[in-house]
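From first to last, the protein sequence lines are chains A and B. Residue numbers for the first sequence follow the numbering used here, beginning at 1 and rising by one. Residue numbers for the second sequence follow the numbering used here, beginning at 1001 and rising by one.
Among the clues, some could well be false.
Label pairs and their calculated CB-CB ranges [as the list claims (entries may be wrong)]:
(1) Arg225/A / Gln1229/B: 42 to 52 Å
(2) Met1/A / Arg1284/B: 27 to 37 Å
(3) Asp280/A / Gly1282/B: 54 to 64 Å
(4) Pro1227/B / Asp280/A: 22 to 32 Å
(5) Glu311/A / Pro1043/B: 34 to 44 Å
(6) Ala1145/B / Asp315/A: 52 to 62 Å
Source of the hints: derived by calculation from the structure; they are not laboratory data. All residues carry an ideal CB built from backbone N, CA and C; glycine is no exception.
Protein chains: 2
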Amino acid sequence: MKKLINSPETVVTDALAGMAAAHPSLSVDLDGKIITRAGGPVPGKVGLVSGGGSGHEPLHGGYVGYGMLDAACPGEVFTSPVPDQVLAATRAANGGAGVLHIVKNYTGDVLNFRMAAELADDEDIEVESVVVNDDVAVRDSLYTAGRRGVGATVFVEKIAGALAERGAPLAEVAAVAAEVNERSRSFGVALTSCTVPAAGKPTFDLAEQEIELGIGIHGEPGRTRGPLQPARDIVATVMDAIHADLPLAGELLVMVNGMGGTPLIELYGAFSEVSRYVGDHGARIGRNLVGNYITSLEMQGFSVTVCQLTETLRDLWDAPVDTPGLRWGR
Amino acid sequence: MKKLINSPETVVTDALAGMAAAHPSLSVDLDGKIITRAGGPVPGKVGLVSGGGSGHEPLHGGYVGYGMLDAACPGEVFTSPVPDQVLAATRAANGGAGVLHIVKNYTGDVLNFRMAAELADDEDIEVESVVVNDDVAVRDSLYTAGRRGVGATVFVEKIAGALAERGAPLAEVAAVAAEVNERSRSFGVALTSCTVPAAGKPTFDLAEQEIELGIGIHGEPGRTRGPLQPARDIVATVMDAIHADLPLAGELLVMVNGMGGTPLIELYGAFSEVSRYVGDHGARIGRNLVGNYITSLEMQGFSVTVCQLTETLRDLWDAPVDTPGLRWGR
C-alpha cells in the first residue's frame, strides 16, 4: 500500500485539517468531525446535512457552502458517521426552518441518520430525509437493502440546496430532493481496486485485463466481470444498463465521474462516448459534469449518472453555488 | 496497461471531442487540435496561448475561457505541439493587440513555440513569450535545458489572463507573466509511474515502498529515490527544497497539485502539512488550490507550487475566471 498519509488512524482528521486550512469559507470541527459553513446556519433557511464514510471526496465536505450543504459529517474511511455526530451536524445546520438529511442508501448510514433524526425531534428540530438509491447495477448489495446511493447524491445536494437557498419550506426542499433521486440513475465501472488505509490491502483483485462492471463506491461487487474493452464498448454497457432502467428521453443532466485514480483525459474521452450514445437514443445532454465528484479513494474507473431534467430542475441546477467542489455563477 | 480509452492513437482527439461536447463555452478544432473560446478572439485584448503535450489535463485546454487563455494547442501525449499548430492557435487568439505565448520549459515546446512566433511575425502578429521554469528539483533534465516548467504555469496563465482581460498592453501582460514565474517554485513527488498509452508500459518502475523525489510531469527522473515515509516527512523534503531556493516569506499562493491518480483526501492531508510548514517558517498562505491542476496521466503523487504574492498579483489572482478547470467570481 502506497499512500500519501501520516497514518491510517489519522487520515480523516489530517484531511479535515487541510480543508480547514484551505477553505476559510468553512468551519471545521476536527474533534467532532463536522464541516459547516463559516458563520453558522442561515436563519430561516432550511438546513441541508449530508454525510457518510470518508474516501469519496469532494463528497460531502467539499459540497458545504452557499447553494448546497450547510453541514457534512464524514465518518472514518468507508464507515458511517455515528448518530451523535449526525445529530451535532443537524443542530449546526438548523436555522429554525428544519433540516433535510441527504442519505446514501447504505444500511449503516440509513440507521444512523434515522437515529439522529429521532434525537433531533426530541430537541424540536424538524427533520426530513431523502434516501438516495440511484445505482442500477445491483439490488441488495454487501452494504445495502435495495439499491446503493451513488452519483445522484451530488445532483440532490446541488438542486435541493438551490431551492433551500431561495427560501422554500422543508417539505418542498425534501420533495425536490426525492424528485431528483427518482429521476436519476447511475452505473459504475472499476479498472482497479482501491485500498482502505486501515485494511492495508486492496479491497478486491482484478486480473491484468479484467474490469468490474457495476462496481459500488466502496469496491463492493458489481454485476459481472469482463475483459477490458475499448471505452466505447464499456460506455455502451453502462448506458444500456441505465437506459434499460429509465429510458433516456428529453433533456438530461449527465455526470461522468472519476473514481479517484482516473485521468481527466480518459473521463473526457468517456464523456464523448456518452454524448454520442445519448444522441443516438434521441435524448440530449443539457447540462454536464466531467471530473472527480464522488470518488472511491484511488480506484481507477468511472461512473455515469443521468438525471432527466425538467425546466425547474435545470433552473435550480444553474443557480449559483459556491463550495470547494462545485462553484459557478456567483 | 489498463486505460479507459478507445485506442492509443485516438486518445487525444477522443478527449477533445469530449471537451467539445461538454463545454459550449469552447470551440474545439478536432483536426487542427486547437481549443479556443467560442465566439473567437476578443477585439483589442491581448491573446494568451499555451500548449504542450497532452496528459496534463486540465492543463491547458481546461484553462481556455474568460480571465485565462484564449487558445490552447495540445500535442500528442507528452509530445510538443507542432509549429503550424501553435501558429494556428496564435492566429485564432489574436484580437489585434498581440499574443502572449506561455511555454513550459521543455526543449521541443520552446523550439516549436519560437518557430511559430517567427511565422506569426511574418503575418504581422506581435508575439511575446514567457518560458516557465519553476521546478527546483533538477537543472537540465531529460527534456530540458535548465529547469522544467511545471505548476507555476497555472499561476502564470491565471494572473496574466486576468491582466489581459483588463485591457493591459502586451508588454505589461508579458511582464506580469515573467514576474509570476520568477516568484514561483515547485517540487514534485511520485508514488507510482504513469503509462503513456502509445508506449503501453510504465515510464519507470518504483519498488513497493519506494518514491521518487523531484519527479517531472512526464515521469522523468527527479533528484533521488527514497523510502515511502509519512506525508509530513515527504512534505518537509518538498518544502525544504523550495525554501532553500526561494525563502518562504510574506503572503503566498500555494498549490497542492495531484498528479492524476492521487485521491483528494490525501491532497488535503498534504495541504495541512504544507500549511503547518509555511507557518513554522514565518510565512502565510493567502490563497491556495488543492486538487488536480497539472497532471501526469494516472500517476500517483503530488507537487507543491509556491508563489510569493504581491498585492497586485493577489488582486489579479482573485479576478473572475470562467474556464472548465478554474472558475470563480463571475
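Practice item. Go ahead and decide if the range 52 to 62 Å is satisfied by the Cβ distance of Ala1145/B to Asp315/A. Key: holds, 54 Å
Practice item. Indicate whether the distance between the beta carbons of Glu311/A and Pro1043/B respects the range 34 to 44 Å. Key: holds, 35 Å
Review point. How does the Cβ-Cβ distance of Met1/A and Arg1284/B compare with 27 to 37 Å: does it lie in that range?
Key: With a Cβ separation near 34 Å, Met1/A and Arg1284/B satisfy 27 to 37 Å, so the hint holds.
Check your understanding: Between Pro1227/B and Asp280/A, is the Cβ distance one that fits in 22 to 32 Å?
Key -> Since Pro1227/B and Asp280/A have Cβ atoms about 51 Å apart, the given range 22 to 32 Å is violated.
Check your understanding: Using the C-beta atoms of Asp280/A and Gly1282/B, is the stated range 54 to 64 Å upheld?
Key -> For Asp280/A and Gly1282/B the Cβ distance comes to about 60 Å; the hint holds.
Review point. So does Arg225/A sit 42 to 52 Å from Gln1229/B, Cβ to Cβ?
Key: Once the Cβ atoms are compared, 36 Å apart, the range 42 to 52 Å for Gln1229/B and Arg225/A is violated.
Hints 1 and 4 from the list above are not met by this structure, while the remaining hints are.
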